[in-house]
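Got chain H sorted already, so can you dock chain R onto it with the hints?
Protein chains in written order, with my numbering: chain H, 1 to 141; chain R, 1 to 165.
Please note that the accuracy of each hint is not assured.
Stated by the list, open to error - Just so you have them, the derived chain R footprint on chain H, three or more residues with Cβ under 8 Å:
| # | segment |
| --- | --- |
| 1 | 103-109 |
| 2 | 112-119 |
Claimed, not checked - Cβ-to-Cβ under 8 Å is the rule here; a few derived chain R residues that face chain H:
| # | residue |
| --- | --- |
| 3 | Q43 |
| 4 | Q46 |
| 5 | S47 |
| 6 | L66 |
| 7 | L67 |
| 8 | E72 |
| 9 | M79 |
| 10 | T100 |
| 11 | T128 |
| 12 | I142 |
| 13 | A147 |
As the list claims (entries may be wrong) - Output of the computed footprint for chain R on chain H, the stretches with three or more beta carbons under 8 Å from beta carbons of chain R:
| # | segment |
| --- | --- |
| 14 | 93-100 |
| 15 | 129-137 |
Don't read these hints as lab results, they were simulated from the structure. Glycine included, every Cβ here is placed at the ideal spot set by N, Cα and C.
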Amino acid sequence: MLGSLAAFEHAAAVAWGAIAERLRGEARGYARVIQAREERHAERISALIRDLGGEPPRGRPPEEYAQGFPLMRDEDEALRFAADLEEQLVRAHLDALQTLPQEEQRRAVSEIAAEEAEDLAVVYAVSGEPAAQHPFVTGTL
Amino acid sequence: VSRDLSRRAALALPVGVILARPASAAAQASDVDQLERLLALEQRLQSLYETALARDAVEPGLGETLLAHEREHIRGLEMALRARGRRSPRATVPPPQVGTAFASRPAFARFAIDVETETVGAYQEALTTLRNTRLLLPLGSIMASGAQHVVALRQAAGDELLAPG
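With the rest of the complex left out, here is chain H:
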């Protein structure tokens, strides 16, 4: 499960780089901040895997991830992709909590889940929508 999360975070960091290219102004600035957060998340989860004696997955070249991204012809499409991505990230981390036996693992993943929820709220806000929309933030995969 941790390996899947690390791999997802690597992909998310590249995805945010692609999203940022389609955005302007303040939205682009937030996209770059979120991209850096995803990179830190990938590293934090990778550290947990190493603590268990495992080898975390490495990130792949950006062009490999890009093949799986939707077409982003304008800002609206980029923001829709960003919202989809962040909903999936929130849900993936909350789902993972149930499988993690150690407190340190759960703490890290719950803290990352909260940051992903913040990122989703930022996407809503820069899209002109309310930042906090639902009392229970549980996107489904």
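Relative to chain H, chain R alone:
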């Protein structure tokens, strides 16, 4: 990462149903304590937004939304407690502090950011130590909502939406 996984498919789980499932007897004592603590924090937030709305210290649309969310969080937590034998949850909420917190909308937003952040931290603590793993997803989804409240309040305060990393 596929866009086919549409936002329209992002539906809330039946959180109340999940929260209401009783845990094993051995796990209940500690988990109940944590649920009661979270309930007290949610009740504090509810009281905070009620007072802010009454004092015009928050934009009404935002205040009503956040208040409605807190009421849903409280409903879920109370269901979880009742399912664990707490017929009358013990949690009580102190009245909100009257003073500079409600002096202006930005001042209230910054005060509420602190309270929401504290509450998110309490959920993270609970998610780290809860014994009943069935509670993790619904409580995690409430924690995520709290994190989004912080962003909404930063926006209301005119602050950067994301805190410096």
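Against the structure, the hints come out as follows:
no. : hint    : result
1   : 103-109 : holds (count 3)
2   : 112-119 : holds (count 7)
3   : Q43     : violated (15 Å)
4   : Q46     : violated (12 Å)
5   : S47     : violated (17 Å)
6   : L66     : holds (7 Å)
7   : L67     : violated (11 Å)
8   : E72     : holds (4 Å)
9   : M79     : violated (13 Å)
10  : T100    : violated (24 Å)
11  : T128    : holds (5 Å)
12  : I142    : holds (6 Å)
13  : A147    : holds (4 Å)
14  : 93-100  : holds (count 5)
15  : 129-137 : holds (count 8)
The structure is inconsistent with the numbered hints 3, 4, 5, 7, 9 and 10, although it conforms to all the rest.
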